[in-house]
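Given the coordinates of chain B, work out where chain P should sit on it, guided by the hints.
2 protein chains.
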Amino acid sequence: MNIDAYDFRDINPDERILMGPGPSNVPSRILQAMAEPCIGHLDPYFFSMMNEVQQLLRHLFQTNNPLTIPISGTGSAGMETCLVNLIEPGDEVVVCVNGVFGTRMADIVNRIGGSLIRVDAPWGKTIDPEAIQKALKGCTPKVLAVVHAETSTGVCQPLEGLADMAHNVGALFLVDTVTSLGGMDVSLDRTKIDAAYSGTQKCISCPPGLSPISFSDAAMEALGKRKTSVVSWYFDLSMVKSYWGEERRYHHTAPINMIYGFREALRIIAEEGLERRFKRHLLNHRALVAGIETMGLSMLVPESERLPMLNAVCIPDGVDDIKIRKALLNDFGIEIGGGLGELAGKIWRVGLMGHTSRRRNVVLFLSALETVLRAEHVKVEPGALDSAAAVYEEK
Amino acid sequence: MNIDAYDFRDINPDERILMGPGPSNVPSRILQAMAEPCIGHLDPYFFSMMNEVQQLLRHLFQTNNPLTIPISGTGSAGMETCLVNLIEPGDEVVVCVNGVFGTRMADIVNRIGGSLIRVDAPWGKTIDPEAIQKALKGCTPKVLAVVHAETSTGVCQPLEGLADMAHNVGALFLVDTVTSLGGMDVSLDRTKIDAAYSGTQKCISCPPGLSPISFSDAAMEALGKRKTSVVSWYFDLSMVKSYWGEERRYHHTAPINMIYGFREALRIIAEEGLERRFKRHLLNHRALVAGIETMGLSMLVPESERLPMLNAVCIPDGVDDIKIRKALLNDFGIEIGGGLGELAGKIWRVGLMGHTSRRRNVVLFLSALETVLRAEHVKVEPGALDSAAAVYEEK
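Protein chains in written order, with our numbering: chain B, 8 to 402; chain P, 8 to 402.
Hints are not guaranteed to be accurate.
In silico EDC-like pairs for lysine to aspartate or glutamate, Cα to Cα no more than 20 angstroms straight-line [what the hints assert, rightly or not]:
{"#": "1", "chain 1": "B", "residue 1": "K248", "chain 2": "P", "residue 2": "E401"}
{"#": "2", "chain 1": "P", "residue 1": "K141", "chain 2": "P", "residue 2": "E167"}
{"#": "3", "chain 1": "B", "residue 1": "K353", "chain 2": "B", "residue 2": "D327"}
{"#": "4", "chain 1": "B", "residue 1": "K330", "chain 2": "P", "residue 2": "D50"}
{"#": "5", "chain 1": "P", "residue 1": "K333", "chain 2": "B", "residue 2": "E253"}
{"#": "6", "chain 1": "B", "residue 1": "K330", "chain 2": "P", "residue 2": "E349"}
{"#": "7", "chain 1": "P", "residue 1": "K248", "chain 2": "B", "residue 2": "E253"}
{"#": "8", "chain 1": "P", "residue 1": "K330", "chain 2": "B", "residue 2": "D50"}
{"#": "9", "chain 1": "P", "residue 1": "K333", "chain 2": "B", "residue 2": "E254"}
{"#": "10", "chain 1": "B", "residue 1": "K333", "chain 2": "P", "residue 2": "D50"}
{"#": "11", "chain 1": "B", "residue 1": "K232", "chain 2": "B", "residue 2": "E99"}
{"#": "12", "chain 1": "B", "residue 1": "K286", "chain 2": "B", "residue 2": "E400"}
{"#": "13", "chain 1": "B", "residue 1": "K234", "chain 2": "P", "residue 2": "D114"}
{"#": "14", "chain 1": "P", "residue 1": "K330", "chain 2": "B", "residue 2": "E254"}
{"#": "15", "chain 1": "P", "residue 1": "K234", "chain 2": "B", "residue 2": "D327"}
{"#": "16", "chain 1": "B", "residue 1": "K333", "chain 2": "P", "residue 2": "E253"}
{"#": "17", "chain 1": "P", "residue 1": "K248", "chain 2": "P", "residue 2": "E228"}
{"#": "18", "chain 1": "B", "residue 1": "K333", "chain 2": "P", "residue 2": "E254"}
Because the hints were derived from the structure by calculation, they are not lab data.
So that you can see chain B by itself, here it is in the shape it has in the complex:
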């Protein structure tokens, strides 16, 4: 445990191009906001910032839900918050599983003593609404839980109709919007979502550390009617809401400087406008896919089910996953993600999230990938950049 302080150098991270599954690149304005002087969590100025954060976050979630706040932990903390607050031991919960994050929800339901009903689909496919309907009718569900944007596979789950299915059997509709929020349409009120959670490091382009959540009136009512305590003190919304509400009652010390950054990130999103931001994500995604397919590579997910911010590219047979990713990182400063679980070694996950979703990154990535594949003697068809350019021309 004895150390020499001068063995530890000044921090000096490379400026990576973050094209993995998150974090995405963080605009300088956000980093500068985080470097403002720390103040107290009960300071009047901080209280006014909290109000602004809630207004800006309601705008992003497209909701009027009063309880719309960042939880003091990363995205999975938001997942846990939603589940531990809505579910009591013995409650039946229908969880849709077609990737890592649905699996994680199912895991949490089991830990907290919920009665789990899984609706599975193959990784890389959407969940069939009829299977969901059947599962809901076969039990007395408290919650239907779905992942909107499965970061492990690049699949976008259509949400239309699911809220009604849940509500018709008296269940709440819970949606994981970790990767979708800020990059595509997530409208809690219009889609009748009762509870949602997200992360800051995906399409919001803030560093990881907070998890935005929102609870509808129905979800708050369910919380109020609980017969047992929430198993987590830290994530107990019945107390957390008193700090974010008018009472301003101390619960835990909020992560002040992270909230500075988050507010700035939300402000940047409001300045761009949601519609423009969603269009930008879609356009860059289409250009990337056009380039990838022209190169002769294929996408894991069928066109109609793809996410605009997370592109799952199948690794060609015989290509060394790790070697290619290392070359991208070391020679070009580009980070992309590998596959998780059963998709490890089979796909690359190329993120175009938030600030990262820019034409120059699409072009650089296509060029870099072509270069490193050719260096490994992988046959690559020409014309990727032209195909990408054509997408930008036609807009």
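The following block gives chain P in isolation, referenced to the frame of chain B:
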């Protein structure tokens, strides 16, 4: 939910002098480190930083425990992490309660189904070791839990002998070091502490957002022998340790920029040296108390039981708590804390933590307090600054 982005101004917090119960003032070097470009949680450079953070944190905790890491949440997240990992439903747990944070531990034990045995003492007093001994012998405890520095009262609980008491009956010794770590001697290995947690925003002087923890081999063994899953997925150390260990297995996305700041804070501590840092905290505390007592005010806690970083000052009869604190904040930019729970309205909590623990802050606070009390026609004896100066002279 419709907003005008330009209604939200640039962030511009006042530079407060943070003399409350935390956060403390954050050195500029730490804020600058947090503003470095965000990189991925699986980036080789970030892995090397994680190793350094662990080395630096072991130095601060004075331990060789391999599992010595920051948890991705504020101090109470560390409390919850320790309890949910060590305790299974039905386990008997002896919790010492003499303030808010002991009460919080007891609350968490109840939530997770532990069998709680409380050892109480009045708020503002230490817990009697004989009462602890008696409680431990009256059950089959899995854990003895104690708060080292009770932030709600300013009491320092002596730890000598407690580890042996716990170990003699086969229990693990868990200590809350949220406010003590970095400001006074916290030596996990010498004191034979099995599990400890802390916060970053007290004597470490990093913004809030992380909770350093450390688990001994015995605590890790208890974790390995659990019969049930840890009720929290987010705080499950059997998985978190695989990310911080050699496997580097992804669990949740680490709060990258917070860890940049935390590393810088730990580096600053290592540069100063633990002994010097502890002496500095003690000296400024003694000077503050000398001034306070000269003014005719009294301290809540008897001299031998006081913390060096958190000073509980009794509010004189008839003085308006809120009015005085507002005047300190608005006229001098000084934040101090009020009392919590049964001490609300009865004490002020004056922090001298980490970077805040400086002679200039002691002098400014004494002068400011005298000014605002006199403005309220409270009788204040003269000579506070001389008394404080005398403490600095004698050193």
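Hints violated by the structure (listed by number, smallest first): Hints 1, 6, 7 and 15 are the ones this structure does not satisfy, whereas the remaining hints hold.
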